[in-house]
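So the chains spell out like this:
There are 4 protein chains.
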Amino acid sequence: MTRKLRLGMVGGGQGAFIGDVHRMAARLDGEWELVAGALSSDPARAMASARDLGLAPDRSYASFEDMAKTEAARPDGIDAVAIVTPNHMHAAPCIAFLRQNIHVICDKPLTATLEQAAEIAKAAQASTAQFFLTHNYTGYPLIRQARDMVKAGDLGDIRLVQVEYAQDWLTEEVSNKQADWRTDPARSGAGGCVGDIGTHAYNIARFVSGLTVESLSAELTSFVPGRALDDNVQAKLRFAGSARGSLWASQVAVGNENGLRLRIYGSKAGLDWAQENPNVMTFTRFGEAKQILTRGGAVANDSNHAAARVPAGHPEGYLEGFANLYRDAAAAIRAQQDNKSIPVENLVSLEDGLDGMRFIQACVQSSENNGAWTRLADV
Amino acid sequence: MTRKLRLGMVGGGQGAFIGDVHRMAARLDGEWELVAGALSSDPARAMASARDLGLAPDRSYASFEDMAKTEAARPDGIDAVAIVTPNHMHAAPCIAFLRQNIHVICDKPLTATLEQAAEIAKAAQASTAQFFLTHNYTGYPLIRQARDMVKAGDLGDIRLVQVEYAQDWLTEEVSNKQADWRTDPARSGAGGCVGDIGTHAYNIARFVSGLTVESLSAELTSFVPGRALDDNVQAKLRFAGSARGSLWASQVAVGNENGLRLRIYGSKAGLDWAQENPNVMTFTRFGEAKQILTRGGAVANDSNHAAARVPAGHPEGYLEGFANLYRDAAAAIRAQQDNKSIPVENLVSLEDGLDGMRFIQACVQSSENNGAWTRLADV
Amino acid sequence: MTRKLRLGMVGGGQGAFIGDVHRMAARLDGEWELVAGALSSDPARAMASARDLGLAPDRSYASFEDMAKTEAARPDGIDAVAIVTPNHMHAAPCIAFLRQNIHVICDKPLTATLEQAAEIAKAAQASTAQFFLTHNYTGYPLIRQARDMVKAGDLGDIRLVQVEYAQDWLTEEVSNKQADWRTDPARSGAGGCVGDIGTHAYNIARFVSGLTVESLSAELTSFVPGRALDDNVQAKLRFAGSARGSLWASQVAVGNENGLRLRIYGSKAGLDWAQENPNVMTFTRFGEAKQILTRGGAVANDSNHAAARVPAGHPEGYLEGFANLYRDAAAAIRAQQDNKSIPVENLVSLEDGLDGMRFIQACVQSSENNGAWTRLADV
Amino acid sequence: MTRKLRLGMVGGGQGAFIGDVHRMAARLDGEWELVAGALSSDPARAMASARDLGLAPDRSYASFEDMAKTEAARPDGIDAVAIVTPNHMHAAPCIAFLRQNIHVICDKPLTATLEQAAEIAKAAQASTAQFFLTHNYTGYPLIRQARDMVKAGDLGDIRLVQVEYAQDWLTEEVSNKQADWRTDPARSGAGGCVGDIGTHAYNIARFVSGLTVESLSAELTSFVPGRALDDNVQAKLRFAGSARGSLWASQVAVGNENGLRLRIYGSKAGLDWAQENPNVMTFTRFGEAKQILTRGGAVANDSNHAAARVPAGHPEGYLEGFANLYRDAAAAIRAQQDNKSIPVENLVSLEDGLDGMRFIQACVQSSENNGAWTRLADV
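So the protein sequences, as listed, match chains W, X, E and Y. Each residue of the first sequence is one higher than the one before, starting from 1 at the first, in the UniProt record's numbering. Each residue of the second sequence is one higher than the one before, starting from 1 at the first, in the UniProt record's numbering. Each residue of the third sequence is one higher than the one before, starting from 1 at the first, in the UniProt record's numbering. Each residue of the fourth sequence is one higher than the one before, starting from 1 at the first, in the UniProt record's numbering.
Isolated chain W (complex conformation):
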């Protein structure tokens, strides 16, 4: 084995949720070691967090700008940085590290605004570094098998894509670290639920179907009095070609913990997958018995096996899926370091991130316009 890749992190200090997830995902396969961080905008918290994580004191930074410059100058500087701040704080660090040609692994959605997203795109263009967006649900083995099956024509012509993502944790007015920034336009952007989880649903629908959404008709609702952003979104989707779809995301659907579900129907067959038990997926060819496909199981294809770690029946979950993105990023970075061709098949690209931002914006505009069909290319 070659050396572990060196990872830095911006955000993810004490009390953070997603920063910890990124760290566990990075650890699982032994491909990465966390060596540097600007873990909090609060210097004391940043320092305490770094100590918790065993970072060398000189690699715990008070600012990401300092970190980007200093790490770039070190011979043992970080190979990549994970950006795990709230949405409005993605663009600036992304750009800072891209400018230093340090690879960026950025949490989703890409940014809080389309303008910020465009700035990242500009910086990426000028950089030799790669950009990875952690739409982690693409890391599930069965999602990758599903994508391959669609691509191979197993479903025939795709007709329908039904995607939903239902949670309930914002059912009532709530105030805590996680809820506060997600319901604050200044930190989240114009989309609440639609940005936080709607983009995941949108991304996975596109990832598996391989289709582009041309236009949509959306209704954003805020059910909890006083909430500044939507906590529910209903959208009809028109894909390029003749496929149609609907997307529902909600954070007030009582009884749903993290109910991301994707159903795709074609002229020959249909697929059904749900995140809460991600190790199974049903597949039905028209006129045949429904089949239960499993992660690593009897009819797992290459992508499924490649993304699985333990035998079928030994459930893998959220962290393993997330870890696949870190493993893929490592492979892509090592390939570049070795001047080899970069395996991109499983990567969520910057362009996917931009498309996700257009999705949010289109939903917001359509909803403000009483559900008028809105082209993503026009926002």
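There's no promise every hint is true.
Heads up, the list lumps identical chains together, so a pair's fine if it works in one copy or across two of them.
Below are the DSBU-like pairs computed for lysine-lysine, each with C-alpha atoms no more than 35 Å apart in a straight line [as the list claims (entries may be wrong)]:
#1 4 <-> 69
#2 177 <-> 4
#3 122 <-> 268
#4 177 <-> 340
#5 151 <-> 268
#6 69 <-> 177
#7 69 <-> 268
#8 151 <-> 340
#9 122 <-> 151
#10 177 <-> 268
#11 151 <-> 69
#12 268 <-> 340
#13 4 <-> 268
#14 69 <-> 122
#15 122 <-> 177
These are computed hints drawn from the structure, not numbers from a lab. If you're wondering where the values come from, they're calculated on a predicted model, not measured in any experiment.
Following the hints, complete the assembly by docking chains X, E and Y onto the known chain W.
Relative to chain W, chains X, E and Y alone:
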């Protein structure tokens, strides 16, 4: 026990599906006996069908007009007639029997056109007979428990109603008795899938939520080339008050047999029920464990128990639910015969049928108008 | 259609559970009409029950002996009688009607004791009448498909039969009409849970596997203090040939309503079916994806279709399965009346009933003998 | 954070399954670093495996004896060693490291024979080191919640423990690295399926119920011709007190990937948990609705939360459960290093391992003795 009620039937000859269902439903509780019929527009088939069913030869009629008049004149004439013809053949027999003050049990949707529906309504107004529409899914014990729970405020203020009805039997071009009329505008009316199963979804959403749909934005699609009517409908719903919803019905969703599912979310709790295993329903109060409620089970309420026949764990199904409508109709008719107050709580009324027709029409108009929000009151 | 068959009933008066089930099952397909009964050993209750059911007063009998003789003498006498009394009251009426050559449809288990069972067998031998035992779970369409699949070799050589039947209604001391006789040795016989539901589990295991149980090792337990009969049974089974199995039946397994489940594993494939959602069954060929087979669905075989009434996805349940036994009995009786060959494939025979009694007895003996392997042929 | 604990490994070279699992489990929380190994008895493979894992060449050992001595002598020697060899190769390395007072994390079952197990016990007695056995299913958050619930009396008096563990990978004759040693008495010991997965089932039943098994009646079967060890075990269990149970483990149950399931019934309530979707468990109080408890969910208790890493609805799986054992071992070791009281509540002890060996032996003896009840204390 008082005498069995006497039932006649229009339609439902050899090879019919829903006619047989009505007959089984009517038999189950021993409240009805089938004694007369105009079972087919083809006289030979009508006669053969009547023989199969053991009808007296003089009560097998070549025309429903003749049947209505003759039965009305008999001292032992039918108490009620079941209309189980294709949609476009509902109105004429309904009106004929209503004019004779014979109770009508009509299959759904009410008619093929709003005009026909209005004519039935007029005839009903002038008749002493009752009118029953067999939106049979309202007969499920847990659906009735759900309605009671909503009414009692167990869910708090209703925010979201997600209803779907997915089948796959029209995935390919097909020609048979059941498919032909359902895909023929002349016999079905302007709605295909939306009329055949979309109305069931719509009806059950309203039945349980107790809410009225004010307007909708719909997209009807016909995925199978050459099909004259929609085989898929996506609709966003705006209920009176602030509740929102979405409705999806499809007959090309491969892998779905009869996937009617209703989810309702309120400010306090959520419900989830699916027709294919109708003996269970989940109920979650916000912040508590999800509960599995069962038909006839530990926390069944009065409506649940009243609609159940066998103990919990002994599954009941489609026919039992349907039979509840016949039992309810019998109770309503006997009450009227005995000059008692008619128990209407569980009945699907003519007004519900009219509302269903407006739903179909609104979907068709909205879809033709690129998904414009369309008020049901305006169609 | 030929005339309806005429049914009489012994037991099943007001407040009975299984009598009502038999009546609904008999009604569903319109093949039977209930015309006579000795519905209760309490004359007033018998009369009131008969009135509820619309029986003619002269065909409501105070004793089954009288009924057997009188009905046999009537030109329009009953074709068959349903025996729905507690176990210890099966033998006498069975014998009385068999002696009059009136067909008998008897609830399970056959009797309370092996001696009584032998007497029925003797009477049956001397009678021209047929004997039907209502192990109703054999009526489920997928159970019949499963039996055919096993017989056709789809599973290869059968290795394992795992059957369980878990309920919880006797978790605590309870006193009511249903519980009292089932926990009373005088009325139930030596088996409590093992007789009431263990025999169902045993019967369905044999019905589907086609295998004979040679010996068993059982432990009967009575968990509720003061209960005279077992409320739980664990048994290991040795089938003729090399197959092995285990059977668990319990009436104190909290959280189980009516959890009958059958799993059969062969050298090539495995099957899994559970009664609470009887419309699905999984089937897995070794090395292939698990399939979900459905009642009436895409890969339903002839037996499945023949036992189904409504299309796939429209759930059928307990009563429809039970009704299949009445339909099968009707077909067998009509065949005999028409001097045709009797279709026996789906029938539960008297010999099955005797075997069930030996199963109960073997369990009791084995348990008294500290789980010693006990041959059914030896009890 | 204090320093990472230093881990060594015996076994787990290229192609191994469980060695890789241990490494991922050790990595996930960042508490351990793998620094030394005797990864294979084949020196070349050992060296190549060490290189793959980035071990320093001088810490890749050709023999565990050498490793134990050398590491014990290093100032930066390993804190603990993971033993991941086949069963018959557990005892010698365990003893070697215990003698050096190096903590041992040993895979299950403890050994191939009771004699070997006794030797480990002796060595452990004489050592200051701790001994951990990786019955990893005890690491699942809901299993720990279940244990707490039983202990708190939520189920009342325990009556029944039904545990099963069904796989199908040995359905046919097979030869590969994993299958070969598991079906070889010389490497596995006298138990095949009963040792490999039966012990897991046994362990989890005891862990959750808190009960001791006094005696059992077992039947071991080998269905595949020519197989030297059992591939199926059926056992009845008698617990201390009045509880009864049954255990079924199979590796020829076609259609089962890794079907470990535990059901516990008490006088007040019942629990049901299955490993393949370990994030949910049902709990039913007698007379109340069944509840679905989730990992990290609404009614998660302290043990559940402590063992969970990500929010409810974000599934965790096999590796996370396994990682909990490494996290617990780390905590126990650090406590000892810090002269603090060792938190033992979640630990699987050496005594548990010995008990598991007695379970295997009792099953083998009982089966050889035609299922005679066999006391574990007597083997």
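Now for the hints, and whether the structure bears them out:
no., hint, verdict
1, 4 <-> 69, "both (21 Å within a copy, 29 Å between copies)"
2, 177 <-> 4, "both (32 Å within a copy, 29 Å between copies)"
3, 122 <-> 268, "neither (42 Å within a copy, 46 Å between copies)"
4, 177 <-> 340, "between (42 Å within a copy, 34 Å between copies)"
5, 151 <-> 268, "both (13 Å within a copy, 32 Å between copies)"
6, 69 <-> 177, "within (29 Å within a copy, 50 Å between copies)"
7, 69 <-> 268, "neither (54 Å within a copy, 51 Å between copies)"
8, 151 <-> 340, "within (25 Å within a copy, 58 Å between copies)"
9, 122 <-> 151, "within (31 Å within a copy, 56 Å between copies)"
10, 177 <-> 268, "between (46 Å within a copy, 23 Å between copies)"
11, 151 <-> 69, "neither (43 Å within a copy, 56 Å between copies)"
12, 268 <-> 340, "neither (38 Å within a copy, 46 Å between copies)"
13, 4 <-> 268, "neither (45 Å within a copy, 46 Å between copies)"
14, 69 <-> 122, "within (19 Å within a copy, 58 Å between copies)"
15, 122 <-> 177, "within (31 Å within a copy, 52 Å between copies)"
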